[in-house]
Structures are given as structure tokens and as C-alpha cells.
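Chemist: Residue strings, one per chain:
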Amino acid sequence: MRAMCRGHGPLPQPPTEEKVLLPLNDVIHLAITGIAQGCAYGLIALGFVLIYKATEVVNFAHGEFMMLGAFAVLTFSEVLGWGFWPAFVLGCLSIAAVGYLVDAQIMRRIIGESQASIFILTVAFGFIFRALAGMMFGWNTRSLDTPFDGKIAIGNLVEINSDRVAIIIATVLLVGAIYLFFGRTRYGVAMQAASQNQLAAFYMGIPVKRLVSLTWAIGAFIAAAAGALLAPMTQIDTTIGLLGIKALAGAIVGGFGSIPGALLGCILIGVIEPFADYYLPGIKGVSAYVVMLVVLFVRPEGLIVQTYQKKV
Amino acid sequence: MSAPLLQMRNIETYYGPIMAIRGVSLDVNEGEIVAVLGANGAGKTTLLKTVSGALDSNKGQVLLDGEEIQCRDPDWVARKGIAHVPEGREVFPLLTVAENLAMGAYNRSDKDTIARDLEAVYEYFPALRSVQRKMAAYLSGGQQQMLAIGRGFMARPRLLLLDEPSLGLSPLLVQEIFRIIVRLNSEQGMTILLVEQNANVALQVSSRGYVMEVGGMVMDGPSDKLLASEDIKEFYLGKKEVGVRGRRRWKKRKTWR
Numbered sequence: 057m058r059a060m061c062r063g064h065g066p067l068p069q070p071p072t073e074e075k076v077l078l079p080l081n082d083v084i085h086l087a088i089t090g091i092a093q094g095c096a097y098g099l100i101a102l103g104f105v106l107i108y109k110a111t112e113v114v115n116f117a118h119g120e121f122m123m124l125g126a127f128a129v130l131t132f133s134e135v136l137g138w139g140f141w142p143a144f145v146l147g148c149l150s151i152a153a154v155g156y157l158v159d160a161q162i163m164r165r166i167i168g169e170s171q172a173s174i175f176i177l178t179v180a181f182g183f184i185f186r187a188l189a190g191m192m193f194g195w196n197t198r199s200l201d202t203p204f205d206g207k208i209a210i211g212n213l214v215e216i217n218s219d220r221v222a223i224i225i226a227t228v229l230l231v232g233a234i235y236l237f238f239g240r241t242r243y244g245v246a247m248q249a250a251s252q253n254q255l256a257a258f259y260m261g262i263p264v265k266r267l268v269s270l271t272w273a274i275g276a277f278i279a280a281a282a283g284a285l286l287a288p289m290t291q292i293d294t295t296i297g298l299l300g301i302k303a304l305a306g307a308i309v310g311g312f313g314s315i316p317g318a319l320l321g322c323i324l325i326g327v328i329e330p331f332a333d334y335y336l337p338g339i340k341g342v343s344a345y346v347v348m349l350v351v352l353f354v355r356p357e358g359l360i361v362q363t364y365q366k367k368v
Numbered sequence: 069m070s071a072p073l074l075q076m077r078n079i080e081t082y083y084g085p086i087m088a089i090r091g092v093s094l095d096v097n098e099g100e101i102v103a104v105l106g107a108n109g110a111g112k113t114t115l116l117k118t119v120s121g122a123l124d125s126n127k128g129q130v131l132l133d134g135e136e137i138q139c140r141d142p143d144w145v146a147r148k149g150i151a152h153v154p155e156g157r158e159v160f161p162l163l164t165v166a167e168n169l170a171m172g173a174y175n176r177s178d179k180d181t182i183a184r185d186l187e188a189v190y191e192y193f194p195a196l197r198s199v200q201r202k203m204a205a206y207l208s209g210g211q212q213q214m215l216a217i218g219r220g221f222m223a224r225p226r227l228l229l230l231d232e233p234s235l236g237l238s239p240l241l242v243q244e245i246f247r248i249i250v251r252l253n254s255e256q257g258m259t260i261l262l263v264e265q266n267a268n269v270a271l272q273v274s275s276r277g278y279v280m281e282v283g284g285m286v287m288d289g290p291s292d293k294l295l296a297s298e299d300i301k302e303f304y305l306g307k308k309e310v311g312v313r314g315r316r317r318w319k320k321r322k323t324w325r
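Taken in sequence, the protein lines are chains P and R. Per our numbering, numbering through the first sequence is continuous, rising by one, with the last residue being 368. Per our numbering, numbering through the second sequence is continuous, rising by one, with the last residue being 325.
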């Protein structure tokens, strides 16, 4: 659980007596840190939602794809010495392959069993991945050298670590790419079709099984990218996959099943978190779940709902 | 006469523990419309699902042009040239009408013929042209049925399976849909296997018909003969026979002659 409490970088020190108003530059600093953190949650949540929409499976091992991605990029960049970018691409692709195989070899066989057994299977996968990562890469915390170690100044008000900006830019690019892929390409539209009505997609000759595995691969790819980009903020060890649970909370806040909703929910949680940690240090690390509970009470379908009524 | 396009030989299919089809045989020749009639639960939909691969048969063979196609994935069967228009339309609700139709042509690559067939669909179903950019979920029931048939046509199948195209439609719309089904057959040479509860309209458009009851075929023949048959008249067309005593005989048994 240690992993859940970090990730915001150096927080401004709480003043001893009075902490009502933060100076503006600290507010901006916290907000951008929060947005960056939220974007990282959002990237993981994207995978949750994509896989859920394709197969109605909530993949509780999705955070582990992120953790494995971080380790894979670390391995390719440091052990093989290829530099960050080739390692980044290769690492994400190899985790995408893992995602594809997990579905094609295992999940496909259990579809149709009870939700409980599917749930337990994905949780078990989380444990297996964590154990494997520990055996392969060691249990120590490692750090990954990225090209984003400078600072970017906004006016002369705040200086922001460029790793945060990198996450925000990467999120915009990845989400844009996903949007174009699902909206414009033949494969993408077919994946939508398969998720909306699987049997009809089968009847149209769409290779549903292959496309579902491909959805897992895309989800795993995005999670791996998030892991590598978050590495400067979180460091890398076998427990960072637990961030996935916060991403899940964000997806629930936004309305599970809606991609814009999941992103919105995650960014909301990401922004609330550093401020809540600052003002209410007593509930440090649990604010995400408090937000989730509030949303579940007030608006159980989430912020953005995507439903339709079937005609008979 | 050449071999039938589709042959089902002694098919047995279970729906869970229930034997939904018990030893059914059926032929569809190239260029025909064949109707399968039957009440609720007779096994008509199961029959079509067995053809398209959504259900695996436990016994028997389904042959398309002499090649066995039973117990394969439905997408494989679809690529072999069978398009299934399922009961209850089952359009892709959050895709636009144009995208739904494009999904029908998923396995085709020749842009020119796809464009020509798309034009043909809009010609047959003018109501769809004006809603091209609308999401399928917002269409009326009749438009959704048209979309489902159009989507099946876009695959340019060798055999089109239609499951209850009249379900939930007004009598006027049923007439319109069936007029177009006849045109698809005569103008586009589409071979059609049609499953219907509405025996009257189904027998009027088809050349041959089969009657199913509790999982088995009880009668088959040319559609005009079936239309004239006493049992069909009584049990499917609802025409009452007046007995000698001036009252309907409730104990009359079906003889299927």
C-alpha cells in the first residue's frame, strides 16, 4: 500500500500554524501535478474500459501490465543500452504481446464462466505477474532514466518538472490516436461493433476473437506506456501496479464503460488527490476512494453515462 | 438439376440439456426463397443458428456447396458466404447506419462493388438514405429491420438467412419488407432461407416451404400446395373449418396431409 501514497513528487511543506490559503504558484504546481497523475490513471483506466467493453471482463491485473511495462522499458533501456525511445517502443510492444497472449490463450477459455471465477482469475494474474516481475527484475526499487528530467518554467511563476508535462502530452497523443483508430479505421469500427453486439459481429464475418485479443493488446500497450512515463515520479518496483486500483476508482467515477468518462474521472481524482493530501493529511492516500464512494452514492451510473434502449 | 446450395442432413442440436432440433433435413437450391414455418419454440431459430455456426450441432451435417460447415465459428461460416440476419434485428446500436452497412461488407475489399451494393441498399430502402449519419439505436423498429437486412445484403452472401423479419412490425411494414425480400431474390439473385411465424406472407413469397413442430419437420412442399393444405389453413392461417354440426371440432388432430 506504500505505493499508493507517493507519486506527487515533492509536496510543498504544510505550514505549521495556518494552511488555509496556498500561494498561487503552489496551487498551479499542485494542479499540474494532479493533472499529470490523473492522466496516468486515465491511461490505465482506458485499458480497463476497453477490455470491459469488449469482453465484460474487469481485468484486475491491468495495473500489473503497467508495472511490467515499466520494467520492460527499464530492461531494454539499461540492460541492453538502447536509449529511452527504442526501449519505450519495444517495451510497450512486448507488453502488448503479453496482453494479446493472456486473452488468446487463457481468458478466451474462461469467457462464459461465472463473473466470480473470472474476477478471481484476473486477481490471480495480478499476483502471478507481481511474483514473476520480482523473480525476473528483483524486489528492489529501481529508477529509470528518461529524457524528461528538466524543468519547464511558466512565466516566472512556477517551474514544472518536464516528466509531468510529458505524461500530459503523451496522454493527449495516445487518446487522440485511440480516438482516430476506433472512429476511422476498419479494425476500430469492427471492434466497436463487436463490443456492442458480439453475435451480430460474428454473423457479419468479423473475426471477433482476434479483435478481442487485439483490444487486450492495445489496453496493455497503453498501460505499459503509462508505467514507463510514470517511472520518474513513482520509481519502479513490483507494487506500482496497485495504482491500477485508483485508475479503476477513476473509471467508476466517470462511468464505467465510457472512455471520455473514465478519463474525466481519473483526472478529477488526480487533481483532488494532492489538494486533499495537503489540506486533510489525515486521509492521505484514500481521497480517491472517498470520491468514488460519494459518486457511487449520489450518481451510481457515473458522471458520463452511455446507454441506449433496445427496441423490440 | 445441380446439387442444392445448402443441405442439412439429419441435424440434431441441443439447447443446453434440451434437444431443440431432432433430426432435421432441409435443402435450399440456388436462387430460391425457402420458408420455414412453425410456432414459438418449434426450433426455427435454432435451425438457423446451427447453419450459421452460432450453435454447434451434435449430429448430422450442414453442407454449403458440398462442403461441411457445421460446428465452425460463425465468422468463419460468414466468410464462406452465409449472412445471418438475426431475430430482433440486432443492429450495432452506437454505430451510424452507414457504419452498420460497412460492417456488413467487412470481408469484402473491392471498393467499386461495395459502393454499388451500398447504392442498391439505399435504393431498396430509401428510408435508410436519409438517416445515414444517425446512430442505429435511434431508428424506428422498421428502419432497424431494414438496416439489418441491408447489412446482411452488403456481405453479398451466397445464402441469406432471415430470422423473423416481420417480428414486431405493423402489417403495412411487413408487406413492404417482404416486397423488398422478393425483389432481392428476383433482381439480385439472392438465395434466401426465411424463418417466419407469419405463415401467410412467408408462403406467398417463397417457392418451397417446411413446417417445423417441436424440433422436427412435419411437412414440406411447394408453397402453393402448403397454402392450400387444410392443416396449414387451420393452424397457421387461422381459418376456421366449420364441422357438420355447425360447430368447430376442438378435438381435431393435425394429420399434416
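Be careful, since some hints might not be right.
What the hints assert, rightly or not - Not the full set, but computed from the structure, chain P residues with beta-carbon under 7 Å of chain R: (1) Gly206; (2) Gly244; (3) Val245; (4) Gln252; (5) Asn253; (6) Tyr259.
Said to hold, decoys possible - A few chain P positions that, by computed beta-carbon distances, are all more than 10 Å from chain R: (7) Tyr108; (8) Gln248; (9) Leu255; (10) Pro263; (11) Val264; (12) Met289.
To be clear, the hints were calculated from the coordinates, so they are not data collected in a lab. Where is the CB? At the ideal position from N, CA and C, for every residue including glycine.
Chemist: Tell me the numbers of any earlier hints that the structure contravenes, in ascending order.
Modeler: The structure breaks hints 1, 2, 8, 9, 10 and 11; every other hint is satisfied.
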